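Turn these sequences into a full structure, and let the hints guide you.
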Amino acid sequence: MGLTVLGASLIAHPAWSQDETEGGESQDVSESGSQADSEAEEASDEDTAGSRKSEGGGSDEEALVADIERGGSPVEVEGQTYLFVGARYRFILVPQFIMGMFADGGTTVGVHSGGAEFVVRRNNFEYDFALWLAGYSMDPTPFKAKTDAEDAWELVESRMKVLYLTADFLWSQVLSPEFAINYGMGAGFGLVFGPLYRNQAYRTPDGSYAPCIDQLNPSPFYCGQDNDHYNNYEEPAWTKGSKPVVFPWLALQTGVRYKPHRNFVARFDAGFGLSGFFFGVGADYGL
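Just so you know, the sequence shown maps onto residues 122 to 408 in our numbering.
These are computed hints drawn from the structure, not numbers from a lab. From a predicted model like this one, the values you see are computed outputs, not experimental measurements. Treat the hints with care, as some may be off.
Said to hold, decoys possible - Below 30 Å or equal to it, Euclidean Cα-Cα: the simulated DSSO-like pairs (lysine-lysine) are: (1) Lys282 / Lys267; (2) Lys267 / Lys361; (3) Lys364 / Lys267; (4) Lys361 / Lys282.
Unchecked claim - Each pair of labels, with its calculated beta carbon distance range: (5) His382 / Glu356: 43 to 51 Å; (6) Tyr354 / Leu312: 16 to 24 Å; (7) Gly328 / Thr375: 12 to 20 Å.
Ideal Cβ placement from N, Cα and C applies to all residues, glycine included.
Here's what the structure looks like:
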């Protein structure tokens with residue numbers, strides 16, 4: 122009987138060992154499957170979180186832009202275009218030495234001008250398109266060409282005006298959301314209209330010049346018969362005379378830009394061009 126029990130025991134032992142091994146392998150496979158499922162779920166959660174974070178980042182940026190625009194902030198977002206419409210005033214100073222480059226005589230003339238402007242701005246660079254009127258009025262002033270003789274003096278009076286169509290190309294050095302330094306150039310052309318009067322002149326005893334009454338009157342020397350510039354002679358335009366029809370505008374300029382609110386910009390301009398020095402201000406409304 123003892124042998125029977127021992128034999129049964131020996132027979133049963135390999136089967137038990139096999140069952141134990143199979144059970145252990147099954148448990149290991151189950152644990153490996155559970156671990157893989159857990160890692161897959163974690164990866165899925167990370168992808169979802171990353172996607173939400175990415176979407177949230179875009180939403181946050183859009184919300185920031187919306188808050189800036191809705192709140193009236195002067196901050197300008199990179200890559201976004203801003204439009205403004207407004208008005209400008211410029212005072213142009215035409216110094217006597219510029220006139221003296223082309224003729225004897227002349228005087229310093231102050232020119233008032235103003236008009237409308239439309240501004241397109243993006244990434245700290247702007248185009249300022251403007252339509253503005255300048256009045257080049259000058260009281261009777263002695264003039265003569267540098268090559269003319271002493272008896273060629275005339276009194277020239279201007280009531281001319283110029284309607285300019287120009288564009289300013291300005292870069293900005295930003296100091297703060299409100300303040301910036303502008304620099305660049307302006308170019309365009311103007312249509313000239315209005316009279317330019319010429320009167321032959323004679324030299325008076327006190328050294329000044331007065332208009333001749335007529336040819337040979339009152340001074341045969343100054344009031345010659347070589348032209349008909351008497352009694353407010355009006356100079357013809359272009360091919361028939363020396364008054365231009367079109368006048369160019371070309372200038373280098375700088376200035377200060379002040380933007381306290383997204384819908385308002387104030388600007389101070391200064392520069393030098395073909396007409397002389399100019400100083401001006403502008404005020405624009407943001408669209």
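- Item | Pairwise hint evaluation, Lys282 against Lys361, where the allowed Cα distance is 30 Å at most | 19 Å, holds
- Message: Tell me if the straight-line CA distance from Lys267 to Lys361 falls inside 30 Å.
- Response: This hinted pair holds, its Cα atoms lying about 21 Å apart.
- Query: Using the C-beta atoms of Gly328 and Thr375, is the stated range 12 to 20 Å upheld?
  - Reply: 42 Å, violated
- Task: Indicate whether the distance between the beta carbons of Tyr354 and Leu312 respects the range 16 to 24 Å.
- Result: With Cβ atoms ~23 Å apart, the hint holds.
- Message: Tell me if the straight-line CA distance from Lys364 to Lys267 falls inside 30 Å.
- Response: Answer holds: Lys364 to Lys267 is near 18 Å, not above 30 Å.
- Cβ distance range 43 to 51 Å for His382 and Glu356, holds or violated: 49 Å, holds
- Item | Restraint status (C-alpha distance of Lys282 to Lys267 at most 30 Å) | 26 Å, holds
Checked against the numbered hints given earlier, this structure breaks only hint 7.
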